[in-house]
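Participant: Each chain, written out:
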Amino acid sequence: MALGKALGETLEMKARVLPKIGVVLCYCGNELREALDFETIERHVRALPGVAYVKAEAHPCSRPGLARLRRAISENGLERVVIAGCTPRIHGKLLTEACESAGLNKWFIDIANIREHCSRVHGDKVKATEKAAALIGVSLRKLSVARPYEAVRVKPESSVLVIGGGITGLTAAASLAGFNHEVTLIEKRDRLGGTLLKLHRPYPHGRTAKAIIEDAISAINGKVRVLTRTEMASMSGAPGQYLVRLSKDGKIEEQKFGALIVATGAELVGQEELLSEPLLTGLSAFGGRILTQVDLEQQSPPEKLKAARSVLFVSISLPESSHHGARVYSLVALKNATTLKEARPDLEVSLLFQDIPLDLEREFRGARDAGVKFVRMEAGDALGFVKRGVELHAAASSGRDAAVSVDAIVLPTLFRPAQSSREFAKLLRIQADSHGFFVEPHIKLRAGDFAERGIFVAGSCHSPTTILEAAAQAAAAASRAAGFVSRELFRAPLKSIIDRKVCRGCRRCARACRWDAIEMVTLENGLELALVDEVLCTGCGVCSTVCINGAPSLAPVSQRQISAMLEVAGGRT
Amino acid sequence: MIVIFTCGWYPAIAADNAGIIRRTYPEDTRIITTTCAGRLTPSLILDAFGSGAQGVLVAACKPELCHYVNGSSTCEQVVAETKELADLMGIGSERIFLETFDSEEVTHFVDCVSAFHRKISEMGAVAVQDL
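So the protein lines, in turn, are chains Z and H.
Residue numbers for the first sequence follow the numbering used here, beginning at 1 and rising by one.
Residue numbers for the second sequence follow the numbering used here, beginning at 1001 and rising by one.
It is worth saying that the hints were derived from the structure and are not from the lab.
Keep in mind that this is a model prediction, so the values were computed, not measured.
From the three backbone atoms N, C-alpha and C, an ideal C-beta is built for every residue, glycine too.
It is possible that part of the hints are untrue.
[What the hints assert, rightly or not] With the C-beta cut set under 10 Å, the calculated list includes, among others, these residues of chain H facing chain Z:
id	residue
1	A1015
2	Y1025
3	T1034
4	R1039
5	G1050
6	Y1068
7	V1078
8	T1107
9	M1123
Sequences and hints are given; from them, build the entire structure.
Facilitator: This is the structure we're talking about:
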């Protein structure tokens, strides 16, 4: 803070003089020199106000190039640097760090993208040259009114909260305890174990569910603080310093955590709800001869199948429903069909399927070799349930009807997020998809990363998983969380600054702020003012768009800088 | 001249990718990258016209992919309000165009810029000269 203030003062002292700006033009080997006329660019840039140094060279991003850049800054007393070359996404960090090591503030450096935004997207050399010079001009304007900012450093709390006492939560807590982090595990029911408590021999068959849970519980015994019948009531604070209120039997307890692992799992969709699915209408005629996969888990072979001679496993997705996870229900159906056929070889077991995920090839072959019959259903086909069997009415194109006579039906195992998952997502400031499963902003580019840094999600609350997948995700989340709380956090000084002299206390910004970073304070004279919490603020700038007085300005790139850029970007000179 | 505001997340990557795979679009375009499209205010968008731009293209993220969660939807509201202002000022709301992009939508980005440029060229200069 003291440094920022000192820098601010020096800036104000020099406010009347334009800062000395250096411009480094990059040939990018020879690519840009072929596409653009650098003599014209250099002549044009030299004539711009504030430019004290212009140098064109082949590789400013090379080690000698970076050394020359540092030397140029110190020898010429440059106060701002514009580097014109490729997109900042490629070498921005490298070049910025080089300039910082020469004593410049990070926000006094700008990269004009004359490659991806100019030479490579335009064919006409003369026009492209003109545009490149203009882009450098825009960057110069941006820097001429720039202010210095320092990164915000945060030391995270080393403790981690694991939400959910299923197999995912238990595995994550055990790994974190193994890294010597202080771990608290909360479970809203009064027993640990989650969905696994309902199962007997989960895939892969090696061990019983009971043994798996007992092992997982003994792994955390004494190392993790376990709170059952406990829910999270609220969360405030920022990544690294979350303040969480836990409610146990109505009593509230406040605790600080550096990171959170969310492993709240999913719920099994009940039989009644499955029977109300449009695709399965008419199925209720089977009455007592309808089983769920859980029935098969608890008794093998189950009582209900005693008199049956044939059974059909329905393993199809239900389009109207909010249930996910073809991998899981296919796997469960294949596993249970195989186990049942092995236990009762006289029973005719068939499996109705639409699609079996490719990676379940082995399980598919296993079921087929055991003697399970497969009936394929195409998309658009309709099912008709009659007294003693199922009729498959093919859609017009595929044109093949089929009928299977069966005594009993086994429904698919479908999962749905817990009822309150959407509210919970809001509480955690993460996103949930249309079904209520928690989703990352981009499944491919940012897998496992959530909009809120410091919150990690694993297991079936993200999408239905098998035990093996849940354990792998839990270990991954635990290692990410451990890494997160072990390092000092650097945050770019992205924040909103509300001008006290301009703010009229209308509360528009406080209402618009999604991060609850704006608080209203009442002054002695009764007037209200908006105050930004710098730790919570993400610098998105939404407050500046709703303010009718223009009080909020953003750091590190202010509204004024963008206006300055626009003064030359429009093309009128 | 067209000013293109790109959000620094996905649309900026789409714009960079256009360069990486060398797709071409008209030269009289200036890309200005901001932290989030949600920070654009009506005054910033209208400033572009003040400096001689004939069109403003705002490239925001898909609302469901917004890094700041409500940035893209805020941008939508702001652009709608700015269009009303532009009509009142005689600039014309059709000179402001909002589109959302994912990072891999390079073709969409290039097509969008080219089509908007064509439309603005046909419309000619802004009727109101001194903003």
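Participant: Evaluate each hint against the coordinates.
Facilitator: Consistency of the hints with the structure:
Given hint, A1015 of chain H at the interface with chain Z, holds; its Cβ is 7 Å from that chain's nearest Cβ, closer than 10 Å. Nearest Cβ of chain Z to the Cβ of Y1025 of chain H: about 6 Å, under the 10 Å cut. The hint holds. With 10 Å as the threshold, the beta carbon of T1034 of chain H comes within range of chain Z, its nearest partner Cβ sitting at about 7 Å, so the hint holds. Nearest Cβ of chain Z to the Cβ of R1039 of chain H: about 2 Å, under the 10 Å cut. The hint holds.
Interface restraint check for G1050 of chain H: the shortest CB-CB distance to chain Z comes to about 7 Å, inside 10 Å, so the restraint holds. Hint status for Y1068 of chain H relative to chain Z: holds, with the closest Cβ pair at about 4 Å, below 10 Å. Taking 10 Å as the C-beta contact cut-off toward chain Z, the hint placing V1078 of chain H at the interface holds, the least distance being around 5 Å. At its closest, the beta carbon of T1107 of chain H sits 13 Å from a beta carbon of chain Z; the interface hint therefore is violated under the 10 Å criterion.
Because the closest C-beta pair between M1123 of chain H and chain Z is about 16 Å apart, greater than 10 Å, the hint is violated.
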